[in-house]
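Mapping of the sequence shown onto mature numbering (1 follows the signal peptide of the UniProt record, and there is no 0): residues -20 to -1, 1 to 216, in sequence order.
These are calculated hints, taken from the structure and not from any lab test. Please note that the accuracy of each hint is not assured.
With a Cα cut of at most 30 Å, we get these calculated BS3-like pairs of lysine-lysine [what the hints assert, rightly or not]:
#1 K66 - K89
#2 K207 - K197
#3 K166 - K144
#4 K78 - K144
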Amino acid sequence: MMKKILILVVALQFAGCAELQNVVNQVSQNTGLSEEQIGNGLRAALDNGIKNQVSKLTATDGFYKNDLVKIMLPAELQAVDNGLRKIGLGNLADEGIKALNRAAEDAVKTATPIFVDAVKDMTFADAKNILLGDQNAATSYLQVKTTDNLTTSFSPVIENSFSKVGADKIWSNLIGRYNSIPFVNKVDPDLTKYVTNQALKGVFTMIEVEEKGIREKASLRTSALLKQVFALQDNK
């Protein structure tokens, strides 16, 4: 019976509000979970993703030593990296990469309040769509709700962080040394924009890791409510 009801919810996702509400009522009646409990369960799952994964990115080497999100050089700077290594300046190139990652680690510290607001604003309709949606539905929800605000938040922090961690001097020196090599094409990249985009990509990558874990492994559902709510997904 449970499976039939949940399949019907998916089928009617784009139906009229009145019809959809009737289906939602049936789900609540047949699972013993209220709309509020289902919503709270999904909010808890998103909170776990933020707490367990995003917070890791703010630590020293949170980006730099995480192969899933480590920020490498943009395509236009690969020539810089290769050129400097050819003339024995590999250590300088490595420091440049590390500086980009340090700036991202610094910027992500501003992300949590933005995510918290997005989670608080989640409606029951949002929760239902996440629960019965694709494996990355929660991550996609946060991307839609937070990307603009995160971009606005990250950019000035990354720009300031470049100065704080010395990235501005490192990259000024690095690019200057490269541009002084005879016959190379001069470069002047917008590193703030690049690192902002890469930091955002890293954040959502780690949230998706947490979401996949909760969806696939019952052992990661750390509360009775999470177990109950995601049992609905298991039976869909």
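Checking against the hints above, which ones are violated? 1
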